[in-house]
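Using the sequences and the hints, build the whole thing.
Listed in order, the protein sequences are those of chains X and A.
Counting with my numbering, you get residues 40 to 355 for the letters of the first sequence.
Counting with my numbering, you get residues 40 to 355 for the letters of the second sequence.
You may find that some hints are simply not true.
Chain copies aren't distinguished; within one or between two, either way the pair holds.
[Said to hold, decoys possible] When the alpha-carbon atoms are kept at most 30 Å apart in a straight line, the in silico DSS-like pairs for lysine-lysine are as follows: (1) Lys306 - Lys224; (2) Lys299 - Lys351; (3) Lys351 - Lys284; (4) Lys232 - Lys122; (5) Lys284 - Lys223; (6) Lys347 - Lys299; (7) Lys347 - Lys46; (8) Lys287 - Lys347; (9) Lys223 - Lys138; (10) Lys287 - Lys92; (11) Lys284 - Lys327; (12) Lys306 - Lys347.
Hints were generated in silico from the structure; no laboratory data involved.
There are 2 protein chains.
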Amino acid sequence: MYRKEIKVVDCTIRDGGLMNHWRFDDDFVKTIYRSCVEAGVDYMEFGYKSSEKSYSRAENGPWKFCDEADLRRIVGDNKTNTKISVMVDIGRIELEAIKPKKESLIDMIRVACYIHQFDKAIQHAEYCMDKGYEVCINLMSVSKVIEPDLDEALKDLARSKVPNFYLVDSFGSLYCEQIEALMKKYKDALPGKTIGIHAHNNMQLAFSNTITGIIHGANMLDATFLGLGRGAGNCPMECLIAFLKNPKYRLLPILDGIQKKVHPLQKEISWGYHIPYLISGSMNEHPKESMEWMDGETRDDFVAFLRKMHDKELLE
Amino acid sequence: MYRKEIKVVDCTIRDGGLMNHWRFDDDFVKTIYRSCVEAGVDYMEFGYKSSEKSYSRAENGPWKFCDEADLRRIVGDNKTNTKISVMVDIGRIELEAIKPKKESLIDMIRVACYIHQFDKAIQHAEYCMDKGYEVCINLMSVSKVIEPDLDEALKDLARSKVPNFYLVDSFGSLYCEQIEALMKKYKDALPGKTIGIHAHNNMQLAFSNTITGIIHGANMLDATFLGLGRGAGNCPMECLIAFLKNPKYRLLPILDGIQKKVHPLQKEISWGYHIPYLISGSMNEHPKESMEWMDGETRDDFVAFLRKMHDKELLE
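If you want it as structure tokens, here you go:
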């Protein structure tokens, strides 16, 4: 499928940072950056922009904060075709800290929110637009949002200036039929806006759900090198680029970055499909408990984890 | 989705045997069998039925041959709801070796063939039907078959007595649109027959392609415990059973079998998604070269493997 409008967004550092508190050394981040540039990736998301009142520097590496000086150390003036993105969480950033675009290396600010924060997300996104940035709203955990709430949010968003909106499968719990239905709902409710997709791999469906998103009109596609990301990880960039026959993308630089930095990282931190993530995903639950289980001594006792989750369900 | 017609076919021993020459000890096979019985799996495929003129006992374990005595050691009289399946390869079996059903523990014989063997496959399958078995034809490598040949085969099959036919993605190279198109073609060409799907995980699409198959009418579904199978492996049984809300299936016995036997096996043999398999899958190539690459010392040099495959493509 050759659709020129498609943009690929690398989230390796931002989503992968959830596994190591954003403590990537400069050489790691530079390697991913150079790979993205050479592969033709449209955006690279370096991390979160957060307030030091919300998170400590002692516990988190530089990509939890994305200071201009840190970005500049990696990208210089970024005279490339790969734009720089950061994510903000509602309540974890002071808007006054967002400089005017002309003083920043950042091109796009993505506002992540839960459904009850949606009004604030629109306000944050419009604030950033007024400062000169591209913006986007990523509504998390949509698999837990009831339809009246979602419809109201979409109506508000349709009336806003915000041009980009993401379908986010936070729990890795959505099947292709649900992706299709949500894509159709988003497209219908948001004429003229661009829809993106951010998938998780709890049930080995991150890549296929991204393809389903593309088929139904998603034009911003999140992926990470070797699927690096929280728990079961994300849509693997190498799968996505191998699928997109679009001539602007190249697979080889992605593989180069993977073999130099991301594949060796698997010796230190563990991510990707494991049965506890399948269980939480298939039950439409936050991966928190499965991640705790994976950190424990009984990580390979899948039967016990299923029993625990079933017991919890009965109590709810 | 609740569709009573759906049958799940476990291929853990048969397809997994491609990774260890079918040298599973009895305890391993018994564990898989008991898990299948308790989980409500409809068929368990124990291996290939092959001639000792084609394969040596020295190089291959019992499940390359599936003698009645070996089966009986595992299943006794098999007084369960899980039927027993074996696969035969054209040219690797003497038909005279197939006993009448009433002398055998086997319920179903699946005939695997390439497109040029299709006439023989129909003859073999009808021979086995006449002996009293359920039968099926699995057309391998359909991603390399041109349409006129496929249409002719389907016409011949439609006229035959053979009731079951499989969509087999041998190279793990098919995307959901291609699965959908092939499912529609098979359904249209074969009214009244049952279609099955057997997917491989080279591009992390085995499970999602199986779901696409279900959506478009596949009612026989192949899967293996933890995806155990050649190279990148198969559709994981645990994902499939977690997806099917059908009350006849239970996830817990599958997880029990995985944690007792299949997960520990990962320490001895390596299967599942790796980048060389993605490369061969995305190029619609047999996984032979990627499997050789994975056995070599440069297995993690993904760039070199991509270059090698591109060079080969240019020479062809």
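Between the shortest in-copy and the shortest cross-copy C-alpha distance, which are at most 30 Å for Lys232 and Lys122: within, between, both, or neither?
within (20 Å within a copy, 53 Å between copies)
What label fits Lys287 with Lys347 when the C-alpha limit is 30 Å: within, between, both, or neither?
between (47 Å within a copy, 22 Å between copies)
State whether the alpha carbon distance between Lys299 and Lys351 is at most 30 Å within one copy, between copies, both, or neither.
between (42 Å within a copy, 25 Å between copies)
Reference check for the pair Lys306 and Lys224, CA-CA at most 30 Å: within, between, both, or neither?
Answer is neither; intra-copy 41 Å and inter-copy 45 Å both fail.
Reference check for the pair Lys306 and Lys347, CA-CA at most 30 Å: within, between, both, or neither?
Close inside one copy (29 Å) and across copies (27 Å); limit 30 Å.
I want to check one pair: Lys284 and Lys327. Are their C-alpha atoms no more than 30 Å apart within a copy, between two copies, both, or neither?
Only across copies: Lys284 and Lys327 sit 24 Å apart there, 36 Å inside one copy, limit 30 Å.
Between copies, within a copy, both or neither: which fits Lys347 and Lys46 at Cα up to 30 Å?
Answer is between; shortest inter-copy Cα gap is 29 Å, intra-copy 41 Å.
Checking an output row: Lys223 and Lys138, CA cutoff 30 Å. Within, between, both or neither?
Neither way: Lys223 and Lys138 sit 36 Å apart in one copy and 55 Å across, limit 30 Å.
Alpha-carbon proximity between Lys347 and Lys299, which holds within one copy, between copies, both or neither at 30 Å
Only across copies: Lys347 and Lys299 sit 19 Å apart there, 39 Å inside one copy, limit 30 Å.
Given a CA cutoff of 30 Å, do Lys351 and Lys284 count as a within-copy pair, a between-copy pair, both, or neither?
Between copies only: 19 Å across, 45 Å inside.
Alpha-carbon proximity between Lys287 and Lys92, which holds within one copy, between copies, both or neither at 30 Å:
neither (41 Å within a copy, 53 Å between copies)
30 Å Cα threshold - placement of Lys223 relative to Lys284
Both, since 24 Å and 25 Å are each at most 30 Å.
The structure fails to meet hints 1, 9 and 10 from the earlier list, while all remaining hints are met.
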